[in-house]
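Model the placement of chains B and C on the given structure of chain A, informed by the hints.
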Amino acid sequence: MDRLKKSPWMLHYDASSCNGCDIEVLACTMPRFDLERFGIINTGNPFHADILLITGGVNHQSAQVVKQIYSQMPNPKVVVAVGICACSGGIFKDCYNIYGGVDTVIPVDVYVPGCAARPQSIIDGVLQAVELLEKKKEEAHHE
Amino acid sequence: MYLIPALTLIPFIGAILIFLDSNSKRRGYVIYGTVALMMLCCFLLVGQWILQGAKPWHLYPQTGFIDLLMQVIEVFLMIFIVYKSFKHKKRWISLLAISQTVLTLWVEHSIPLVESTHTTVDSLALLMCILCSVVGGLIGVYSVGYMKSYHENHRGIIDRSNTFLALLFVFMAAMFGLVLSSNLIWMYFFWEVTSVISFLLIGYTQTDEAIDNSFKALWMNLLGGIGFAVAIWLCAMQNHSVQMQDIVSGGNTMIIGMLCLAGLTKSAQLPFSTWLFGAMVAPTPSSALLHSATMVKAGVYLLIRLAPALYGNLCGMVVAFIGGFTFITTSMMAIAQNDAKKVLAFSTISNLGLIVACAGIGVEQTVWAAIFLMIFHSVSKSMLFESVGATENSIGSRDIEHMHGLILRLPKLAYIMGIGIAGMYLAPFGMLISKWVALKAFVDSGNVLLVIFIAFGSASTMFYWTKWLGKLIAMHKPNTPDHDATRKDEYFSMGVLGVIMILLCLLFPLLAGFVVNPIVLSLFGATQDVLSMSELTTMVIMVCSVLLVPSMMFLITRMAPRDYVPTYMNGVNVGDNSHFIDSMGESKKLYLSNWYLRFEFGRRRLLRPSQIVAASVLIVTFAILLGGAIG
Amino acid sequence: MNRYISLILYLLLAPFIGAFLDGIDRKITARMQGRKGPSIWQPFYDLYKLFSKQMIAVNSVQLLLNCSYLIFLAIAGGMVFFGTDILMSLFILSTADMFLILAASSDSSPFSNIGASREMMQMMSYEPMTLLIAVGFYLATGSFRVDEIIAQNSAAFWMMPGLFVGYILIMAIKLRKSPFDLSTSHHAHQEVVKGITTEMSGPTLAIMEIGEYYEKMLLLAVVALFFIHGEPWSWIIGILACLAVYFIEILIDNISARVNWRKLLDICWLITLLCGGINVLILMLI
Numbered sequence: 238m239d240r241l242k243k244s245p246w247m248l249h250y251d252a253s254s255c256n257g258c259d260i261e262v263l264a265c266t267m268p269r270f271d272l273e274r275f276g277i278i279n280t281g282n283p284f285h286a287d288i289l290l291i292t293g294g295v296n297h298q299s300a301q302v303v304k305q306i307y308s309q310m311p312n313p314k315v316v317v318a319v320g321i322c323a324c325s326g327g328i329f330k331d332c333y334n335i336y337g338g339v340d341t342v343i344p345v346d347v348y349v350p351g352c353a354a355r356p357q358s359i360i361d362g363v364l365q366a367v368e369l370l371e372k373k374k375e376e377a378h379h380e
Numbered sequence: 002m003y004l005i006p007a008l009t010l011i012p013f014i015g016a017i018l019i020f021l022d023s024n025s026k027r028r029g030y031v032i033y034g035t036v037a038l039m040m041l042c043c044f045l046l047v048g049q050w051i052l053q054g055a056k057p058w059h060l061y062p063q064t065g066f067i068d069l070l071m072q073v074i075e076v077f078l079m080i081f082i083v084y085k086s087f088k089h090k091k092r093w094i095s096l097l098a099i100s101q102t103v104l105t106l107w108v109e110h111s112i113p114l115v116e117s118t119h120t121t122v123d124s125l126a127l128l129m130c131i132l133c134s135v136v137g138g139l140i141g142v143y144s145v146g147y148m149k150s151y152h153e154n155h156r157g158i159i160d161r162s163n164t165f166l167a168l169l170f171v172f173m174a175a176m177f178g179l180v181l182s183s184n185l186i187w188m189y190f191f192w193e194v195t196s197v198i199s200f201l202l203i204g205y206t207q208t209d210e211a212i213d214n215s216f217k218a219l220w221m222n223l224l225g226g227i228g229f230a231v232a233i234w235l236c237a238m239q240n241h242s243v244q245m246q247d248i249v250s251g252g253n254t255m256i257i258g259m260l261c262l263a264g265l266t267k268s269a270q271l272p273f274s275t276w277l278f279g280a281m282v283a284p285t286p287s288s289a290l291l292h293s294a295t296m297v298k299a300g301v302y303l304l305i306r307l308a309p310a311l312y313g314n315l316c317g318m319v320v321a322f323i324g325g326f327t328f329i330t331t332s333m334m335a336i337a338q339n340d341a342k343k344v345l346a347f348s349t350i351s352n353l354g355l356i357v358a359c360a361g362i363g364v365e366q367t368v369w370a371a372i373f374l375m376i377f378h379s380v381s382k383s384m385l386f387e388s389v390g391a392t393e394n395s396i397g398s399r400d401i402e403h404m405h406g407l408i409l410r411l412p413k414l415a416y417i418m419g420i421g422i423a424g425m426y427l428a429p430f431g432m433l434i435s436k437w438v439a440l441k442a443f444v445d446s447g448n449v450l451l452v453i454f455i456a457f458g459s460a461s462t463m464f465y466w467t468k469w470l471g472k473l474i475a476m477h478k479p480n481t482p483d484h485d486a487t488r489k490d491e492y493f494s495m496g497v498l499g500v501i502m503i504l505l506c507l508l509f510p511l512l513a514g515f516v517v518n519p520i521v522l523s524l525f526g527a528t529q530d531v532l533s534m535s536e537l538t539t540m541v542i543m544v545c546s547v548l549l550v551p552s553m554m555f556l557i558t559r560m561a562p563r564d565y566v567p568t569y570m571n572g573v574n575v576g577d578n579s580h581f582i583d584s585m586g587e588s589k590k591l592y593l594s595n596w597y598l599r600f601e602f603g604r605r606r607l608l609r610p611s612q613i614v615a616a617s618v619l620i621v622t623f624a625i626l627l628g629g630a631i632g
Numbered sequence: 594m595n596r597y598i599s600l601i602l603y604l605l606l607a608p609f610i611g612a613f614l615d616g617i618d619r620k621i622t623a624r625m626q627g628r629k630g631p632s633i634w635q636p637f638y639d640l641y642k643l644f645s646k647q648m649i650a651v652n653s654v655q656l657l658l659n660c661s662y663l664i665f666l667a668i669a670g671g672m673v674f675f676g677t678d679i680l681m682s683l684f685i686l687s688t689a690d691m692f693l694i695l696a697a698s699s700d701s702s703p704f705s706n707i708g709a710s711r712e713m714m715q716m717m718s719y720e721p722m723t724l725l726i727a728v729g730f731y732l733a734t735g736s737f738r739v740d741e742i743i744a745q746n747s748a749a750f751w752m753m754p755g756l757f758v759g760y761i762l763i764m765a766i767k768l769r770k771s772p773f774d775l776s777t778s779h780h781a782h783q784e785v786v787k788g789i790t791t792e793m794s795g796p797t798l799a800i801m802e803i804g805e806y807y808e809k810m811l812l813l814a815v816v817a818l819f820f821i822h823g824e825p826w827s828w829i830i831g832i833l834a835c836l837a838v839y840f841i842e843i844l845i846d847n848i849s850a851r852v853n854w855r856k857l858l859d860i861c862w863l864i865t866l867l868c869g870g871i872n873v874l875i876l877m878l879i
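Top to bottom, those sequences are chains A, B and C.
Heads up: the first sequence at position 119 corresponds to 356 in the numbering used here, and the numbers run straight through without jumps.
Heads up: the second sequence at position 173 corresponds to 174 in the numbering used here, and the numbers run straight through without jumps.
Heads up: the third sequence at position 237 corresponds to 830 in the numbering used here, and the numbers run straight through without jumps.
Do not rely on the hints blindly, as some may be mistaken.
[Claimed, not checked] Only part of the chain A face toward chain B is listed, based on derived beta-carbon distances under 8 Å:
no.	residue
1	Phe284
2	Asn296
3	Ser308
4	Pro313
[Claimed, not checked] Simulated pairs of lysine to aspartate or glutamate, EDC-like, Cα-Cα distance not exceeding 20 Å:
no.	chain 1	residue 1	chain 2	residue 2
5	A	Lys373	B	Glu210
6	B	Lys343	B	Asp209
7	A	Lys304	B	Glu587
8	A	Lys304	B	Asp577
9	C	Lys629	A	Asp271
10	C	Lys620	A	Asp271
11	B	Lys26	B	Asp490
12	A	Lys374	B	Asp577
13	A	Lys304	B	Asp583
14	B	Lys26	B	Asp160
15	C	Lys629	A	Asp361
16	A	Lys304	B	Glu601
17	C	Lys856	B	Glu601
18	B	Lys88	B	Glu210
[To be verified] From chain A, some residues computed to sit far from chain C (all C-beta separations above 12 Å):
no.	residue
19	Lys242
20	Phe275
21	Tyr336
22	Val345
23	Cys352
Don't read these hints as lab results, they were simulated from the structure.
Ideal Cβ positions, reconstructed from N, Cα and C, are used throughout, including at glycine.
Chain A on its own, in the form it takes in the complex:
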């Protein structure tokens, strides 16, 4: 049963990104790359989403928001960190106001590096995340 991966809906959240990665994420949904051919919809609503796609490093203000949005997503769910800032904090890593990558707040499943990440690699990351959904579902069953 691998139908779960045929309909992953995603939620895109900008933690503190410079908008570079955001533009690339939006580019994925445009006709040239067309994320929807994989059944992926950018829902913008944690209650509907399976994939949380975060751009930018997490700072003091966005940490609570990221946690809350994550808590509002129903299981199984995966987190994709897009761009080097989301992966590790990037050039802002040592800034006084930055916690670091997304994994300092919530568990991250897929890291998509790049500054900004290219649409091809974003799609690749999302599809890898999709594979994880099924596994997570099974894990939840075993528990």
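This is chains B and C only, laid out in the frame that chain A set:
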């Protein structure tokens, strides 16, 4: 035969006892006793009537003493109105009172009238009696507890609750008299009594607003009274008889037009609607009893009596137009109201408009629908008024916005309100079925304007009820729990009304077969099955499903395991669903409001134009009628 | 006997056909936008996924109200397919919609509350037209009953073209198509997040979607009702008309931008008055 005088005397004697008794506890028992006796008497009357073959009774040909008594009271009422209008510097109102009283007295003394009966007991009159005694009685029970809470919450108002309660019962006595009279002069007497009582009850709080509104109600009702008096005069001149059935069979359009004017003012149709929403300043029992369940129904009752004579003539067309027009405009204006009682007032006017439109068309089907609408409206509207009043006593406000999440705060009241609202507009409850029949009848009678009125009117009706229901059902836990100040007798009254409402919906086919069809038969001499039995049973099944489906779903979904999370507020929910963190990093209260669309549907925008339209239609009609009568 | 078969077929197949049509819709929409688009079976994958998700909720009554919404839509549609009263069915349809509004209001959250208000506005906009359409059928064929409407000698469409135009308009509202997708949209991302469905997740959302499929089949059945009459071949015309109307809705969806509520109300009521009112008037006069 002794039951008819008993029916009017019981509430009247009860009223005197209530007025004299200053002990509030004993007064409560007197009220319960009176209500029980009144209901018993009413049902005995109905039982006796059915046992004797359910034929119309025509009673009391000789009533010299009572006639004299009525004349004395009429003069007394006139003097009272004159006194009041001079006291409050509204002197011109006294002219209305004097002219009509003098006119009727002159008619009674100078024009010889054919000897005839004064009272008719038939199915329509008895239905009105049952409505008045059951709904009125329950409101009487409710008002015992309500008035106590009311004066606890409104310290500034002088406690005259014995006067208030006594007036309610005098009103019931007058209402029984009104519906049982077949003689116009008697009917006119009771008509005036109800107008004056309405005036007194609206002015109960004695604030400036209350006094202004009470005089507004008074002059509009007196204007209708003048129509009534003129109708009596014309009728007496023409055929030396003032019997209702003679007018219906005679078909003189001028007389019927005048009586229609009286009916329209009493049932607060445009352009006379303003008095009814002014009347909402009065304590809730009077709004429930007079201004939605019974007194305004007197106007409708008169029009239904006249309905066979309205078919296909100018009067009927105008009455139907005014009714339909009132239905659509007031249901739009109701959208812009956030005061629950105002919404109920507008909805009352608009439903009355629908009934008036049905009566104006004047065929079997529409009258069938009109009677149904009347029954359902009385029950569910009185229930709604009572629950709004009780809510106001508990949470200190009757603003719909403040009823946010009432289902968790005051669950019992919220359920009662919910049943009332569902009964008012949801398929397949009674009101909607009647609306459906009305729509069909309007189509059959080829009146495209009314069809469009009803189509747009039901859309706006749906809007204002749904948003109210949405407010009630919001699952939002308050920080401070509300204290339910509703007393036992109030709950008793509301609970019984709720049960009656549901039973009426379930027993719809029986109601149609045994109550409404005979009434239509007695009015028209013929009846047809407006809805076939299979359609009626389908409806009952639908009602059951509306009641069953959610409760079944409740049982099924209760089992489903669920993890609760906070609602979505862009991730800045503080966690209790009522606060969020703003851009300054501080916690802020969330406030959710309904749409009121005041600029589009507000009273300020719609009331004046619609009054002008309705008034000009009325004026033109009377000009034509007068021209016809003279020429 | 036939009516029982059609009722059972409706109750069993409507979600599947509805979902299939939805898949086609998404494919055509994607092609109109120059994209490849998802598989035609995408709605089935979506439903499967939604049912396998964790059940999270913001309150205890939303699921119950959503289930009631589904059941009432099934009842409303069932009434049409069973051949009973169309006016009653349309009334039940609005009752069903009211349950959805209540489900959204019960969240007491900002986005679904706005969605609920807008849904009410949509209801107020299309309600007059639905009533007039039922009245139109009654005038054109002499009956509110579906089985009598389809037994006529000629198609009702010829008597009520104005109402048909109006019906296409309100169908756009009911199918949540742009420019009237105010309360919630099938397209990703909008200004009120997901409007009324914001707080519905997993199975709760799936139930609502299935309800929408029932509704879609009911709406298309009414389109067919305009064309079907006594002749057997008229059924083919009816089905073709459904597909054509469905395509027109998709086209409208893709070529128009969302309007605000005031425009929605103005457009709908004006067209109702012009197309519907005049059509009904003419039917009454002839």
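A quick look at each hint next to the structure:
| no. | hint | result |
| --- | --- | --- |
| 1 | Phe284 | 6 Å, holds |
| 2 | Asn296 | 12 Å, violated |
| 3 | Ser308 | 6 Å, holds |
| 4 | Pro313 | 14 Å, violated |
| 5 | Lys373(A) <-> Glu210(B) | 68 Å, violated |
| 6 | Lys343(B) <-> Asp209(B) | 19 Å, holds |
| 7 | Lys304(A) <-> Glu587(B) | 18 Å, holds |
| 8 | Lys304(A) <-> Asp577(B) | 16 Å, holds |
| 9 | Lys629(C) <-> Asp271(A) | 7 Å, holds |
| 10 | Lys620(C) <-> Asp271(A) | 12 Å, holds |
| 11 | Lys26(B) <-> Asp490(B) | 13 Å, holds |
| 12 | Lys374(A) <-> Asp577(B) | 30 Å, violated |
| 13 | Lys304(A) <-> Asp583(B) | 17 Å, holds |
| 14 | Lys26(B) <-> Asp160(B) | 15 Å, holds |
| 15 | Lys629(C) <-> Asp361(A) | 18 Å, holds |
| 16 | Lys304(A) <-> Glu601(B) | 43 Å, violated |
| 17 | Lys856(C) <-> Glu601(B) | 12 Å, holds |
| 18 | Lys88(B) <-> Glu210(B) | 16 Å, holds |
| 19 | Lys242 | 9 Å, violated |
| 20 | Phe275 | 7 Å, violated |
| 21 | Tyr336 | 26 Å, holds |
| 22 | Val345 | 20 Å, holds |
| 23 | Cys352 | 25 Å, holds |
Checked against the numbered hints given earlier, the structure breaks hints 2, 4, 5, 12, 16, 19 and 20 and satisfies all the rest.
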